[in-house]
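Number of protein chains: 2
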Amino acid sequence: MTSNSRYAVGVDLGGTFIKAGVVDAQGRITPSSRISVDTGCEKGMQWIVASIADAAERAVEASGLAWDDVSGVGLGSPGVFDFDNGILIFAPNLICLNGQPLARLVKKELAYDTSVYLENDANCAGLGEQWAGIGRGAKNLVLFTLGTGIGGGVVLDGKLWHGSRGVGAELGHQVLFADGVKCGCGNRGCLEAYASATATVRRFHEAVKTGKPSALADKARAGAKVTSKMIHEAAVRGDVLSRDILEETGRFLGIAVVNMLNIVDPEIVCFSGGMTGAGDMLLNAIKDEAAKRACGPGLKGVSIVFGTLGNDAGLIGAAGCVFSKSGISA
Amino acid sequence: MTSNSRYAVGVDLGGTFIKAGVVDAQGRITPSSRISVDTGCEKGMQWIVASIADAAERAVEASGLAWDDVSGVGLGSPGVFDFDNGILIFAPNLICLNGQPLARLVKKELAYDTSVYLENDANCAGLGEQWAGIGRGAKNLVLFTLGTGIGGGVVLDGKLWHGSRGVGAELGHQVLFADGVKCGCGNRGCLEAYASATATVRRFHEAVKTGKPSALADKARAGAKVTSKMIHEAAVRGDVLSRDILEETGRFLGIAVVNMLNIVDPEIVCFSGGMTGAGDMLLNAIKDEAAKRACGPGLKGVSIVFGTLGNDAGLIGAAGCVFSKSGISA
Chain A
-9 MTSNSRYAVG VDLGGTFIKA GVVDAQGRIT PSSRISVDTG CEKGMQWIVA
41 SIADAAERAV EASGLAWDDV SGVGLGSPGV FDFDNGILIF APNLICLNGQ
91 PLARLVKKEL AYDTSVYLEN DANCAGLGEQ WAGIGRGAKN LVLFTLGTGI
141 GGGVVLDGKL WHGSRGVGAE LGHQVLFADG VKCGCGNRGC LEAYASATAT
191 VRRFHEAVKT GKPSALADKA RAGAKVTSKM IHEAAVRGDV LSRDILEETG
241 RFLGIAVVNM LNIVDPEIVC FSGGMTGAGD MLLNAIKDEA AKRACGPGLK
291 GVSIVFGTLG NDAGLIGAAG CVFSKSGISA
Chain B
-9 MTSNSRYAVG VDLGGTFIKA GVVDAQGRIT PSSRISVDTG CEKGMQWIVA
41 SIADAAERAV EASGLAWDDV SGVGLGSPGV FDFDNGILIF APNLICLNGQ
91 PLARLVKKEL AYDTSVYLEN DANCAGLGEQ WAGIGRGAKN LVLFTLGTGI
141 GGGVVLDGKL WHGSRGVGAE LGHQVLFADG VKCGCGNRGC LEAYASATAT
191 VRRFHEAVKT GKPSALADKA RAGAKVTSKM IHEAAVRGDV LSRDILEETG
241 RFLGIAVVNM LNIVDPEIVC FSGGMTGAGD MLLNAIKDEA AKRACGPGLK
291 GVSIVFGTLG NDAGLIGAAG CVFSKSGISA
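Residue numbers (the working numbering), protein chains in the order written: chain A, -9 to 320; chain B, -9 to 320.
The set of hints was computed from the structure by calculation and includes no laboratory data.
Cβ atoms here follow ideal geometry from the backbone N, Cα and C, with glycine treated the same way.
Worth double-checking, as some hints may not be accurate.
[What the hints assert, rightly or not] Partial selection, computed: residues in chain B whose CB lies under 10 Å from chain A: (1) 129; (2) 137; (3) 142; (4) 147; (5) 156; (6) 168; (7) 241; (8) 248; (9) 253; (10) 282; (11) 284; (12) 285.
Take the sequences, apply the hints, and build the full model.
What follows is the structure, given as structure tokens:
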């Protein structure tokens, strides 16, 4: 490893897959370097740590580069971190890693002596989009990851924001309905409990129970498990209830956008993650609601967008942590 | 003026009074320097600008110091600013100043050639408390000003946060009830529309209309205009409805505190402004609700407090802007 290396390894640790790739200083993944392996959660901590190191090593090998060309390994992981003590405190889908010094473990496991940077996966996606995606050149960017839950990444003055205790940027846990439904975090009425993929499906079922007709509901009654993707597809095919539900998701997200404008005031609010597959139908609903609610300068000087890095945002941002020395380092 | 001066003038521009004082580098007001003059809104822009300059000059004179001892004048003003172009865009109670380059006008008016820094008044209060009040030594502090409206000040890494467009930290305009009452800002369900002094009085009247008994309601029917201070006083005297209403205000503020923990994650959340006169009855309600809703590390490592600078927070923070070169400078 040299200090002026032009590459970093990005690793995206998910509950199902570990993805790795070698990323250059402009945030581009070296195509030949892409690696994906099963996480194998059930096999325990040592297995996962070995798999992360293995994926990183295979990515470098596949890239045709040498480790001397690489500045370090950036690892994006779900969960809450103790940045001061270098501990992964809690990640619901990776229970065996909870309480572990994940960055140090991975560094020890790697066959090469290189730096490891550990960062929250949604933060990585935020940094990725700000560094190499739709937010290139922006100083301040807020990103929501839309999936089973809603994560957040906040870049301020070009740097990831962690907060005093390392638990900031949990943007899915802003309250939209003070007396609303219970959220998994223990709070009530959080954005995540209304606008995540899971919550979108829940609202669909709730609406069906009130007797609203839907072709998708007929399918569900025949045994199909409804997903947010199916709701979007049904909406495209003209299913009115599906469209209403999806646009309501957009409405909730639009309210959260305005909260972000009023609190953080970034120049870009970006959405990433699986639900962005719903495309303009979702994005237009977000923008419409935000336009209705934004005060002062309104939406002037703000872009509300989907990310351009797709599923690579986390991996690229993890590599970006190496270049910007962000996160827990070992 | 010398660059290593040990004093700055702080000016707090309100709709009714202009207050000024000379502040030392530790954030203490020189007692003899305190000046208060009528704003005289109805007399127009030139009058107000002259009054600001006059108050600053009289404060220095009264302090017994010379202008050579003073680094500059910090001016805290309500309103929204265009920081890039140095313009006070909009302040509802100072209409004649809207669209004006207030810092430049004051600099021109001063008999002494010194720097002028213009900053939002709630931001000043936040900086004041972080610099010289309850938040001394904190890196990250969030402050709510509780008055007719609810303002906000956010200090990150020891510096005031303005956002990309200068409209960040408007903490009163986070949505607590997505489909709630219309807010003055054009949005719906904002914290300000539920927990400001004005909103507290409104909720009191709404509760009375539903038939709930209250000694204060009897007074109101006899012609007294209810204020949030009267609601607090009635609560202290044992009026159940008044207590419920005030504690509900605390509950709403507690929800906003948790939003701040989840988004910004400061080590201190501070309340300032007139309504803090309600003391522990309000503060305990805020803390109780925050404790119920905080996730992850909960309230560990966070202080939820009232400011210690009282009505001086804005003036002291305005002077702090001179030392930290914050805000619009002229």
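Results of checking the hints against the structure:
1. Restraint check, residue 129 of chain B versus chain A: the minimum CB separation of about 7 Å is within 10 Å; hint holds.
2. Because the beta carbon of residue 137 of chain B sits about 18 Å from the nearest beta carbon in chain A, more than 10 Å, this interface hint is broken.
3. A hinted interface residue such as residue 142 of chain B counts as satisfied when its beta carbon comes closer than 10 Å to some beta carbon of chain A; here the least separation is about 8 Å, so the hint holds.
4. For residue 147 of chain B, the suggested interface contact is upheld, since its CB lies about 9 Å from the closest CB of chain A, less than 10 Å.
5. Contact between residue 156 of chain B and chain A, as hinted, is supported at the beta carbon level, the nearest pair being about 7 Å apart and thus within 10 Å.
6. Interface hint status for residue 168 of chain B: upheld, as the beta-carbon distance to the closest one in chain A is roughly 5 Å, under 10 Å.
7. Among the interface hints, the one on residue 241 of chain B holds; its C-beta lies about 8 Å from the nearest C-beta in chain A, closer than the 10 Å criterion.
8. Of the supplied interface hints, the one on residue 248 of chain B holds, with its beta-carbon coming within about 6 Å of a beta-carbon of chain A, less than 10 Å.
9. Because the smallest distance between the Cβ of residue 253 of chain B and any Cβ of chain A comes to about 6 Å, under 10 Å, the interface hint for this residue holds.
10. Against a cut-off of 10 Å between C-beta atoms, the interface hint on residue 282 of chain B holds, since the closest Cβ of chain A lies about 8 Å away.
11. This hint holds: residue 284 of chain B has a C-beta 8 Å from the nearest C-beta of chain A, less than the 10 Å allowed.
12. The beta carbon of residue 285 of chain B comes within 4 Å of a beta carbon in chain A, closer than 10 Å, and the hint placing it at the interface holds.
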